[in-house]
Amino acid sequence: MLKRTITIASLSALLITATAACGNNTDKENSGTAEGGKDKVTEINMQIAWASDSGRGVAIREILDEFQKQNPDIKVNMLGGVQYGSKLLTQILSGKAPEVLQVQYGDVKALAGEEAFIDLSGDFAPQKDNYAPEIWSLSENDGKLYGMPWIGHTIQLIYNKEMFEKAGIKEAPKTWDELYEDAKKLTIDTNGDGKPDQYGIGLSGKQGPDMTWMYGMFAQQAGAKLVEQDANGDYKVAINSPEGQKALEFYTKLMKDTSPPDSLNKDGAAIMADFRNKVVAMELQGPWGVSDAWKGDAGFEPAVAEVPAGPAGKATEVTAYLLSVPTGVKGDKLDAAKKLITYLTGKEAQEMIMKGEKGDDGKYYPFRIPIRKDMMDTDYFKEHPEFLTFQKGLSYPFTLVPIPQWQKVSDEVYQSALNQVVSGSISAADGLKMVEDKGNAMIKAE
Amino acid sequence: MSYIRRKLGDLSAYAFILPAFLILGLFLVYPVIWSVVASFKDIKPMALQQAGLFEIPGKIVGFDYYADALQNPLFLKALVNTLYFGIIFVPITMLGSVLLALLVNQKLAGVNFVRTVFFIPYIISVVSASLIFVFLFNGDRGLVNALLSNIGIEGPNWLASSVWAMPVIAIMTCWRNIGYFMLIYLSGLQSIPTDLYEVADVEGASKFEKFRYVTWPLLGRVSLVVMILLLISSLNVFQEVYIMTGGGPADSTTTVPFLIFNRAFKYYEIGPAAAMSYILFVIVIIITIIQKKLVDKRLG
Chain A
1 MLKRTITIAS LSALLITATA ACGNNTDKEN SGTAEGGKDK VTEINMQIAW ASDSGRGVAI
61 REILDEFQKQ NPDIKVNMLG GVQYGSKLLT QILSGKAPEV LQVQYGDVKA LAGEEAFIDL
121 SGDFAPQKDN YAPEIWSLSE NDGKLYGMPW IGHTIQLIYN KEMFEKAGIK EAPKTWDELY
181 EDAKKLTIDT NGDGKPDQYG IGLSGKQGPD MTWMYGMFAQ QAGAKLVEQD ANGDYKVAIN
241 SPEGQKALEF YTKLMKDTSP PDSLNKDGAA IMADFRNKVV AMELQGPWGV SDAWKGDAGF
301 EPAVAEVPAG PAGKATEVTA YLLSVPTGVK GDKLDAAKKL ITYLTGKEAQ EMIMKGEKGD
361 DGKYYPFRIP IRKDMMDTDY FKEHPEFLTF QKGLSYPFTL VPIPQWQKVS DEVYQSALNQ
421 VVSGSISAAD GLKMVEDKGN AMIKAE
Chain B
1 MSYIRRKLGD LSAYAFILPA FLILGLFLVY PVIWSVVASF KDIKPMALQQ AGLFEIPGKI
61 VGFDYYADAL QNPLFLKALV NTLYFGIIFV PITMLGSVLL ALLVNQKLAG VNFVRTVFFI
121 PYIISVVSAS LIFVFLFNGD RGLVNALLSN IGIEGPNWLA SSVWAMPVIA IMTCWRNIGY
181 FMLIYLSGLQ SIPTDLYEVA DVEGASKFEK FRYVTWPLLG RVSLVVMILL LISSLNVFQE
241 VYIMTGGGPA DSTTTVPFLI FNRAFKYYEI GPAAAMSYIL FVIVIIITII QKKLVDKRLG
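Taken in sequence, the protein lines are chains A and B. Each residue of the first sequence is one higher than the last, beginning at 1 in the working numbering. Each residue of the second sequence is one higher than the last, beginning at 1 in the working numbering.
Don't read these hints as lab results, they were simulated from the structure. Check the hints yourself; a few may be wrong.
[Stated by the list, open to error] No farther apart than 16 Å at their CA atoms in a straight line, the calculated lysine to aspartate or glutamate pairs in the EDC-like style are these: (1) Lys44(B) x Glu115(A); (2) Lys382(A) x Asp361(A); (3) Lys256(A) x Asp10(B); (4) Lys438(A) x Asp64(B); (5) Lys41(B) x Asp64(B); (6) Lys195(A) x Asp140(B); (7) Lys266(B) x Asp297(A); (8) Lys363(A) x Glu446(A); (9) Lys195(A) x Glu55(B); (10) Lys44(B) x Asp297(A); (11) Lys44(B) x Glu114(A); (12) Lys444(A) x Asp68(B); (13) Lys278(A) x Glu351(A); (14) Lys266(B) x Glu114(A).
[Unchecked claim] Here are the computed distance ranges between Cβ atoms for each label pair: (15) Asp193(A) x Asp64(B): 52 to 62 Å; (16) Pro133(A) x Leu28(B): 32 to 42 Å; (17) Lys75(A) x Ser125(B): 32 to 42 Å; (18) Ala298(A) x Val127(B): 20 to 30 Å; (19) Lys347(A) x Val29(B): 48 to 58 Å; (20) Ala429(A) x Asn72(B): 35 to 45 Å.
[Claimed, not checked] Residues of chain B placed beyond 10 Å of chain A at every Cβ, according to the derived structure: (21) Leu74; (22) Val90; (23) Arg141; (24) Leu189; (25) Lys210; (26) Leu259.
Since this is a predicted model, take the numbers as computed values, not measurements. Glycine residues also receive a C-beta, built at the ideal position from the N, C-alpha and C atoms.
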């Protein structure tokens with residue numbers, strides 16, 4: 001009887017202890033600082049968006065090593081593995097998230113309103129002039145700075161020089177008309193079976209995010225906007241405009257006449273494979289598009305040109321990874337985190353990004369570009385002007401997610417509407433009207 | 001005390017089940033209760049940081065999220081798409097697994113090797129399987145269209161067609177799952193007493209008649225389990241859609257789990273996502289009850 005009582009009491013104690021252990025423990029501070037005067041080292045963690053043992057992880061580790069050399073009082077542990085959505089939220093909620101997080105601006109915007117990140121404007125606002133206003137605005141929410149722009153990409157026109165030469169095209173297209181004309185010239189039947197097997201340009205028609213940035217660039221080149229504020233300061237869907245329709249009609253025509261027939265189910269990765277395999281002569285990609293052709297030993301030299309200008313000029317999709325500090329970081333760790341962000345967003349570390357990642361062949365390949373606008377005079381860009389073109393894109397940026405609510409509009413309405421238009425199911429006018437009606441209802445409901 | 005002991009029996013038994021009860025309670029029952037409550041609340045994600053383990057923060061919104069979901073045309077379309085997927089997936093997988101089980105239930109040389117081969121698709125990851133089928137059903141250079149063109153048929157652009165995209169996803173899912181359900185049916189077949197077949201032989205029954213009057217009725221309970229499992233699978237289809245079509249074309253492959261994923265993990269809308277999940281849950285329960293009643297009626 002006594003044994004039974006003891007057993008029950010022990011297990012009950014276990015239950016209570018386990019339950020208590022699951023409780024909230026945000027007050028407990030883990031300083032990670034070794035006390036001891038001169039030898040005091042503050043240890044912080046930085047989460048990157050790729051695996052720590054990947055080429056990109058190794059490249060970033062080298063930059064962090066340089067930071068540690070210059071700041072012996074700070075030790076930075078690098079953690080790999082992309083964290084976004086619920087994983088990012090769970091990390092932050094746990095109170096044990098790494099002190100510095102590499103986060104896509106869309107994820108930061110989604111959680112910024114919830115005060116998930118520390119406002120960095122006090123320390124970093126003076127650096128605003130180093131960035132294009134559109135890039136800076138990606139990291140702001142209600143006037144607060146929830147991350148510093150670190151690395152990112154712009155999209156430009158990558159083309160196969162060999163195919164251009166064979167088709168008698170001397171330079172990359174600079175306008176929509178030239179783009180269409182060149183793409184038509186490059187859409188040819190090379191094996192004589194009566195059907196084209198080489199196409200002018202790879203464009204995405206698959207219902208998904210890739211089509212939205214591809215079309216979005218054309219829309220802004222035509223002068224259209226995704227959203228705009230009304231007189232009351234409320235955001236409204238603005239893409240259903242004559243400019244938006246014109247751009248969508250042009251995109252549809254370009255895809256129908258000069259892209260592979262299965263483009264309706266192609267995303268950016270599939271288009272990159274087509275470019276590498278010489279199925280398409282042009283693609284719209286970031287710097288990884290060039291590296292992919294180099295790495296894949298495609299047997300041709302890819303060239304990069306700025307995106308052709310539309311009726312309203314040039315526009316290209318620009319995105320940025322931000323360096324953010326989650327709420328709850330304080331004391332020495334916060335100071336160390338800010339020091340690291342200062343270093344990583346400085347010119348020295350920004351130039352190191354262009355060294356790129358080490359491929360299997362031992363060579364280095366760029367994977368992203370620095371996001372500061374004053375990097376064009378650095379040695380790397382002088383030696384590799386093809387990458388300088390991506391840097392130029394920072395001066396005419398198009399933002400894919402202009403307001404946090406747009407992500408849902410895009411997922412639930414916009415992507416489907418664009419897909420229906422390019423597949424010919426509905427007209428551009430009807431498609432964009434659908435986006436306007438449903439999108440406005442969704443924005444209003446938020 | 002003696003009354004309690006009389007009612008509950010040996011109290012030490014409860015001590016032994018306590019660890020299991022604790023684990024199930026914390027990691028299964030409590031999350032279920034939490035999500036039910038969450039479906040009636042407007043939860044701000046960061047409010048969870050300040051909340052204790054047994055506290056669910058947020059303003060009560062009643063049945064608003066359930067009403068919103070049922071008034072959302074995309075949710076209703078996703079429900080129809082999910083059911084459409086199930087209508088293709090469940091019968092083909094059941095039929096295919098029964099046929100394969102009958103095939104590999106024979107005493108033939110190398111039958112174990114054949115069983116292994118049929119099971120392999122099940123251990124292939126959904127991502128790889130999806131990519132294989134994307135290549136097979138590529139409208140321009142896919143193997144399926146190449147074979148069709150050999151017999152003079154011009155195949156459609158499968159995954160870009162709102163008519164064909166869902167059947168292709170369903171067929172891929174059938175291909176992946178048939179081997180697993182074949183094993184379940186195989187165990188069912190091997191539990192049927194052989195003397196029933198001997199009696200059928202004496203009665204002069206044909207192979208089809210033996211299947212019709214002996215095998216299939218005795219697989220009734222197994223079929224019920226298989227159907228419930230398939231139904232749950234079909235209502236949870238997500239990864240395949242995410243990889244193969246992204247929900248398109250024209251939302252024709254958007255399924256309910258796809259929407260739930262976006263709501264919960266992309267927009268941090270915990271309440272609306274939970275409400276959608278429970279609408280789906282109620283539908284699963286209703287269909288399962290109907291299924292069970294039909295099987296009970298048939299088997300007595």
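Going through the hints against the structure:
Taking the CA atoms of Lys44(B) and Glu115(A), the gap is near 11 Å; set against the 16 Å cutoff, the hint holds. Restraint check for Lys382(A) and Asp361(A): the C-alpha separation of about 24 Å exceeds 16 Å, so the hint is violated. For the given pair, Lys256(A) sits about 77 Å from Asp10(B) by alpha-carbon distance, which is inconsistent with the 16 Å threshold. Restraint check for Lys438(A) and Asp64(B): not satisfied, since their Cα atoms lie roughly 19 Å apart, outside the 16 Å limit.
Taken as a hint, the Lys41(B) and Asp64(B) pair is honoured in the structure, with Cα atoms around 9 Å apart against an allowance of 16 Å. Proximity of Lys195(A) to Asp140(B) is assessed by CA-CA distance (about 11 Å); at most 16 Å being required, the pair is judged to hold. Restraint check for Lys266(B) and Asp297(A): the C-alpha separation of about 37 Å exceeds 16 Å, so the hint is violated. Our distance criterion of 16 Å between C-alpha atoms is broken by Lys363(A) and Glu446(A), whose separation comes to about 48 Å.
Pair hint Lys195(A) plus Glu55(B) does not hold up; C-alpha atoms about 65 Å apart against a cutoff of 16 Å. Proposed proximity of Lys44(B) and Asp297(A) is contradicted: the alpha carbons are some 49 Å apart, above 16 Å. Of the supplied pair hints, the one linking Lys44(B) and Glu114(A) holds, its CA atoms being roughly 7 Å apart against a limit of 16 Å. With a C-alpha separation of about 14 Å, the suggested pair Lys444(A) and Asp68(B) falls inside the 16 Å cut-off, and the hint holds.
Annotation: proposed proximity of Lys278(A) to Glu351(A) is violated, straight-line Cα distance about 32 Å (limit 16 Å). Restraint check for Lys266(B) and Glu114(A): satisfied, since their Cα atoms lie roughly 14 Å apart, inside the 16 Å limit. Between Asp193(A) and Asp64(B) the CB atoms are about 59 Å apart, so this pair conforms to the stated range of 52 to 62 Å. A C-beta distance of roughly 51 Å is found between Pro133(A) and Leu28(B), which places it outside the suggested range of 32 to 42 Å.
Remark: the range hint 32 to 42 Å for Lys75(A) to Ser125(B) is upheld by a beta-carbon distance near 37 Å. Between Ala298(A) and Val127(B) the CB atoms are about 25 Å apart, so this pair conforms to the stated range of 20 to 30 Å. Distance hint check for Lys347(A) and Val29(B): the Cβ-Cβ separation is about 56 Å, which falls inside the suggested range of 48 to 58 Å. For Ala429(A) and Asn72(B), the Cβ-Cβ distance of about 25 Å falls outside the hinted range of 35 to 45 Å, so the restraint is violated.
For Leu74(B), the condition that its CB be more than 10 Å from all CB atoms of chain A is violated, with the nearest at approximately 6 Å. Chain A leaves Val90(B) outside its interface by the beta-carbon criterion, the shortest separation being 26 Å against a cut-off of 10 Å. A beta-carbon of chain A comes within 10 Å of the beta-carbon of Arg141(B); the shortest separation is about 8 Å. Interface exclusion of Leu189(B) from chain A stands, the closest Cβ pair being 40 Å apart, more than 10 Å.
Listed as a non-interface residue, Lys210(B) keeps its Cβ farther than 10 Å from every Cβ of chain A; the least gap is roughly 46 Å. Non-interface call for Leu259(B) relative to chain A: violated, since the shortest CB-CB distance, roughly 8 Å, does not exceed 10 Å.
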